[in-house]
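Q: Chain by chain, the residues:
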Amino acid sequence: MINLQPYANPVYFVLLIATLMPAMIGLYFGKRFKAYEAAWTFVFLVVTFGGEKWHQGVALIGYVLFQLLLVYGYQRYRQHRNQTSIFVTMVSLSIVPLVAVKLAPVLPISQLSFFGFLGISYLTFKTVQVLMELRDGTIKTIRSRDYLRFLLFFPTVSSGPIDRFRRFQTDEQQVPDRETYLGLVETGIHHLFKGFVYKYMLGYLFGTLLLPQVAHAAMLCRHAFFGTGLSVPLILYMYVYSMYLFFDFAGYSLFAVGISHFMGIKTPENFRSPFAAHNIKEFWNRWHMSLSFWFRDFVFMRFTFYVMKKRLIKNRIRISQVAYLVNFLVMGFWHGVTWYYITYGLFHAVAIILNDYWLRFKKAHPNFISHNAVTESISIFITFNTVCFSFLIFSGFLNTLWFK
Amino acid sequence: MDTKKNVMSILEELTGSNLGDKMDVNLFESGLLDSMATVQLVMELEEKCQVSIPISEFNRQEWETPSKIIAKVESLQ
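Chains as they are written, first to last, in the working numbering: chain A, 18 to 421; chain B, 1066 to 1142.
Careful: at least some of the hints might be erroneous.
List time: in silico EDC-like cross-link candidates among lysine to aspartate or glutamate, alpha-carbon distance up to 16 Å [what the hints assert, rightly or not]:
| no. | chain 1 | residue 1 | chain 2 | residue 2 |
| --- | --- | --- | --- | --- |
| 1 | A | Lys327 | B | Glu1109 |
| 2 | B | Lys1070 | B | Asp1099 |
| 3 | A | Lys326 | B | Glu1112 |
| 4 | A | Lys380 | B | Glu1077 |
| 5 | B | Lys1069 | B | Glu1109 |
| 6 | A | Lys326 | B | Glu1109 |
To give a feel for the contact side, a few chain B residues facing chain A, derived at Cβ under 10 Å [stated by the list, open to error]:
| no. | residue |
| --- | --- |
| 7 | Gly1085 |
| 8 | Asp1089 |
| 9 | Phe1093 |
| 10 | Ser1100 |
| 11 | Met1101 |
| 12 | Thr1103 |
| 13 | Val1104 |
| 14 | Gln1105 |
| 15 | Met1108 |
| 16 | Ile1120 |
| 17 | Glu1122 |
| 18 | Asn1124 |
| 19 | Arg1125 |
| 20 | Ala1136 |
Chain B is nowhere near these chain A residues, computed Cβ spacing over 12 Å in every case [said to hold, decoys possible]:
| no. | residue |
| --- | --- |
| 21 | Gly67 |
| 22 | Leu110 |
| 23 | Val116 |
| 24 | Leu151 |
| 25 | Gly154 |
| 26 | Ile156 |
| 27 | Asp194 |
| 28 | Thr197 |
| 29 | Gly246 |
| 30 | Ile282 |
| 31 | Phe312 |
| 32 | Asn344 |
| 33 | Val354 |
| 34 | Leu371 |
| 35 | Ser387 |
| 36 | Thr417 |
Don't read these hints as lab results, they were simulated from the structure. Glycine is no exception: its CB is placed at the ideal position from the N, C-alpha and C atoms.
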């Protein structure tokens, strides 16, 4: 049986858009063919998780049924009662499959990886979000089919961007008028072509053509500078990898948002010129935004709220510092249980804490440094290099360089 | 009227500046409020304006300027 991976080659786009045509024509005439969209989603899920990847398909089915049970059960429960212990249990249960998959490489129980499938993280983010909103009462009821449609929305199923249920549902329930829809198709096409340039030209240039070369050169210098391997090729590797990471993932995100637009869904953007950020704090408002906003809203803010309400820590600055550590460490562990992902998380937590010291200092001494083109360029330069260094950690190349 | 006064005094306390003549400034993009200050804002509003604001309710776009915050709090009261 055939197996196709999302957005992997030109044929995929032709198939995706050609089969989406009936739904698009429907939207043009003001109708959303829900049954057709459901069938289309099903076929593409089979093509993605079938064939040689059938075991992932089985894991996906089990996963979805389990999460559906949790959401349905919690929703029923929440209509009458609201105990914190039940809420915590439900959220914990919903992340169990993801935790198991993430722990599989470091635990002696290799069977854990059978729970895994492409996109498990993103589906977990969506479910946790729904559970939290049910707890808050901002989602009162959620029909199983609406939850499934949101969870399995095909353009974003494998790697996001992570949408929010209420936002998605509003788009899904209303059909845009013709002018708006044509506008969406236009921006969709623009996204796709920008994505082609990003992923298949620039991503290919940096990731496939340049990266192996600089990696090889850096490996030849692995004993340089007192055995640390610090060398010009290593620095080149850092920049090349950073460019590859950005263009590859931003390209993918553009595809996902573009195809969403064709379906009349305004999936949130993932990147907004991240390398133009003036500081680390701003960087996280521009880089992988749907993920960092998810962490902001469901980890950082909830953690600080809890700590403040329970008065666990008195000093507000200290609270934010602890919250940053928790936030970025969770993000690090989520990337994978390896020393370099966790160090990456820790690095960003420390960077943002230092950034906050600086922002507070500037606020207290408004005349200390003037804002002009030069200071602005310097801050962008420092931020860019800090970020690239964090991506060098993230790349895992240091692991190869030092320990392999 | 009380709501407006309350909101403005909370914002002044959190941002360190009087926003009386900047009712439509974007608090997030201008860097006046960050996530931490947002949580403080939510807690102070709950306490002083007798409203309940679950974190999920806090969609930044609906709370990004002083006028929007006042309107939002009034709608929740």
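Q: Among all the numbered hints in the text so far, which are the ones the structure does not match?
A: Those not satisfied are hints 2, 7, 8, 20, 24, 25, 26, 31, 32.
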